[in-house]
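Add chain B to chain A, keeping to what the hints say.
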Amino acid sequence: MTTQLAQDQHHAAPSLPEAPSIPTREEAVRNIVADSLRAPRTYLDEVVVPYGGE
Amino acid sequence: MSLTVANSVQPLRRLAGLETEYAIRLPASAESSRTHYDLYQGLIPALHLRLPLANAALDKKGYFLANGGAIWFEMVRMSGEFGLIEGSTPECRGPRQLLTYQRAQDRLFSETAADITHGPFADPFTLVKNCRDSVGNYYGAQENYEYPFASGLRLALWRIGLVLVAPLVPLTRLGMIALVLFYIILLVLLVAYVILGHLVYLLLMPFFRDGRAIRWWLIDCMMTGPIEDWMEAAMRFCARVVYAPLAVAMDLLLRLTAFVEVRKELTAFLISRSIIAGAGTLDDDGNFHLAEKAGGLNSLTGFGGFIVERPVYTFGHFLKAAFAEAWILNRRYLRLFRRRQRLQIGLGDSNMAQTAEFLRVGTTMLLLDMLEEGALSGAPRLRSPLAALHAIAADPSLKTTVELRDGTRCTALELQRWYLAAARRWLSEKPWHEEAHEVVELWEQTLDQLEDDREQAVGRIDWVTKLYLLAQAGADASDEARKKIDLKYHQLGPEGYYAQLEACGACAELVTAAEIDRATRTPPPGSPAAVRGRFIREYAGEWMAVNWDFVLLRRNRFRNAVIDLDYYFRHQPREEAAPK
Chain A
314 MTTQLAQDQH HAAPSLPEAP SIPTREEAVR NIVADSLRAP RTYLDEVVVP YGGE
Chain B
-19 MSLTVANSVQ PLRRLAGLET EYAIRLPASA ESSRTHYDLY QGLIPALHLR LPLANAALDK
41 KGYFLANGGA IWFEMVRMSG EFGLIEGSTP ECRGPRQLLT YQRAQDRLFS ETAADITHGP
101 FADPFTLVKN CRDSVGNYYG AQENYEYPFA SGLRLALWRI GLVLVAPLVP LTRLGMIALV
161 LFYIILLVLL VAYVILGHLV YLLLMPFFRD GRAIRWWLID CMMTGPIEDW MEAAMRFCAR
221 VVYAPLAVAM DLLLRLTAFV EVRKELTAFL ISRSIIAGAG TLDDDGNFHL AEKAGGLNSL
281 TGFGGFIVER PVYTFGHFLK AAFAEAWILN RRYLRLFRRR QRLQIGLGDS NMAQTAEFLR
341 VGTTMLLLDM LEEGALSGAP RLRSPLAALH AIAADPSLKT TVELRDGTRC TALELQRWYL
401 AAARRWLSEK PWHEEAHEVV ELWEQTLDQL EDDREQAVGR IDWVTKLYLL AQAGADASDE
461 ARKKIDLKYH QLGPEGYYAQ LEACGACAEL VTAAEIDRAT RTPPPGSPAA VRGRFIREYA
521 GEWMAVNWDF VLLRRNRFRN AVIDLDYYFR HQPREEAAPK
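Line by line, the protein sequences give chains A and B.
Quick note on the numbering used here: the first sequence kicks off at 314 and runs consecutively.
Quick note on the numbering used here: the second sequence kicks off at -19 and runs consecutively.
So that you can see chain A by itself, here it is in the shape it has in the complex:
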């Protein structure tokens, strides 16, 4: 009976979302290098400050 109840509760309980895994430094660096290859010209054009600042 107890076992059955435990099984029912197990099936009824909402599953918690898995915590996002934290990448290692190597993975982060790989992601960065891969991202740097995606449309770099577009990114450079987006970071322009004509005339500069102080």
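Because the hints were derived from the structure by calculation, they are not lab data.
Think of the CB as a built atom: it goes at the ideal place given N, C-alpha and C, for glycine as much as any other residue.
Some clues are possibly wrong.
[What the hints assert, rightly or not] Covered stretches of chain A (chain B as the covering partner; in silico rule of three or more C-beta atoms under 8 Å from a C-beta of chain B):
id: 1; segment: 334 to 341
id: 2; segment: 352 to 362
[Said to hold, decoys possible] A few chain A residues that face chain B, going by a derived Cβ cut-off under 10 Å, partial list only:
id: 3; residue: 344
id: 4; residue: 346
id: 5; residue: 367
[To be verified] Interface residues of chain B toward chain A, partial, derived using beta-carbon atoms under 7 Å:
id: 6; residue: 5
id: 7; residue: 8
id: 8; residue: 117
id: 9; residue: 464
id: 10; residue: 477
id: 11; residue: 484
id: 12; residue: 486
Chain B only, in chain A's frame:
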């Protein structure tokens, strides 16, 4: 009481603040008609939802925040088409507090900018905290430290000079009023020209087969870019001509008297500081430099942008004090007579790494403490400081030597070690000070890492971290991909490259997320910013205007109350008082 005790300076207690210009990155997919000023206008109400703001009573558009800091739109062009979001931290004491408030500002601005969903200018955008854009324009960071302006004869000369220069202030103001009247007349004439041009064009059109040329001369030339640029340049030139007598007199006076001891003893330190605090950059030829801003500096002292100068020691705020709004004109000018003033340093990059930022301000504060106490003398003096700066910044191997005035040569590491040893000696004679020792320990550890095991400095020193990422991209990476790494390293928010490294625990963290979170809402204790922040919060919703020195409250329809923050801070509050 002995002279030594009277001159004794407690380490890391002086007020200090950072100014940071953030580049605005609007994705190419976004609506292209938004100017940078539009985006700034969208940011302010979103920021207001997070904490109370008050209008700034200064010579540029901005708001002060309830945490004591401020936000500005750094207008590069009158049209507002291009510009930068500028943030000023509140006045802080000690590098840890300053680092916390700088991170709080970064987070507050970037999270708000990424989350704008309401209002007429509701375009989310990202901020890039760097000092050099993709085509080589410079902007970025300024440091401010409270420090004695001068002493003895130099201070007397400065004060006498201020009295002699004072008549130029109203004359310059009158000149500016005349110039504005001239602009208004010019504007009226231009409007009349355009209206007349339309009429003449309509009359002449039947007589020309192709009327495009005549239309350009009669109408379009007044509404297109080149003429606007020309007019703006002419207006700027005229304004500078009006300023010139006052600016020349102030420049001469400042060169003779301002922070002379700092310039003599600390210049070699600041020039070589790039090796611990440089953010790293790729130049136009793809060569790596230690510091972003170093390449753009072209003078040791100057107003910063008055002509084309970009100085190490910036004196622009002294000139601006003469042009403040009328209600504080006299007060701000009179404050220039005070012994303690704002020392502004223009040589320094916007840091992403906490260690680099902590060291940048911590080492500088410590050396200023020593200098003020008279415990720093005989420092190495460079024969050609700017040439040395450019040479040091261009050599990531750190082997370049620079010439001193005595004819010997040394590396940037050797210069830093000289100052480190002096700081160690000084601290050994003082009562134990936890944070000062932390600065010195971290300073020594960093110099050791740079000399012996540079990879240890990844995640701690920006230029080393950036160089590491570029090395990981490999020699085959295109110039554009390498430059993207250079820039996106500084992007605030989770997609930025430094932020990605930080998220995986690869970067040393000196302040906690909880400390940063608190600093986004409350001002630093023990600072005039605490009084400013309290007024902003208490009078939120009522008309008020604020600047670094005063709070202006409306007493009735005809009178305002001016609250001197410094006076209030020193005499009245209990909870904002500086901790012992």
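When the nearest CB of chain A is found for residue 8/B, is that gap smaller than 7 Å? Hint holds; residue 8/B Cβ to chain A Cβ min 5 Å, cut 7 Å.
Would the stated hint for residue 484/B survive a check requiring a Cβ distance to chain A of less than 7 Å? 4 Å, holds
Return the status of the interface hint for residue 344/A: holds when the least beta-carbon distance to chain B is below 10 Å, violated otherwise. Since chain B brings a Cβ to about 6 Å from residue 344/A, closer than 10 Å, the hint holds.
Does residue 477/B pass the interface check with chain A, least Cβ-Cβ distance below 7 Å? Constraint on residue 477/B satisfied, holds at 5 Å.
Return the status of the interface hint for residue 486/B: holds when the least beta-carbon distance to chain A is below 7 Å, violated otherwise. This hint holds: residue 486/B lies near chain A, its Cβ roughly 4 Å from the closest one there, short of 7 Å.
Count the residues of the segment 334 to 341 of chain A with a beta-carbon closer than 8 Å to any beta-carbon of chain B: does the count reach three? holds (count 6)
With a cut-off of 8 Å between beta carbons, are at least three residues of the segment 352 to 362 of chain A near chain B? Per the Cβ count (10), the hint holds.
Less than 7 Å between beta-carbons is the criterion; does residue 117/B satisfy it with respect to chain A? 4 Å, holds
So, residue 367/A near chain B? Judge it on the closest CB pair being under 10 Å. Constraint on residue 367/A satisfied, holds at 6 Å.
Residue 346/A as chain B interface residue, shortest Cβ-Cβ below 10 Å: 5 Å, holds
Just to be careful: measuring from the Cβ of residue 464/B to every Cβ in chain A, is the smallest value less than 7 Å? Holds, because the Cβ-Cβ distance from residue 464/B to chain A comes to roughly 4 Å (cut-off 7 Å).
With 7 Å as the cut and Cβ atoms as the points, is residue 5/B at the interface with chain A? Holds - the Cβ of residue 5/B comes within 7 Å of chain A, reaching about 5 Å at its closest.
In summary, the structure agrees with every hint in the numbered list given earlier.
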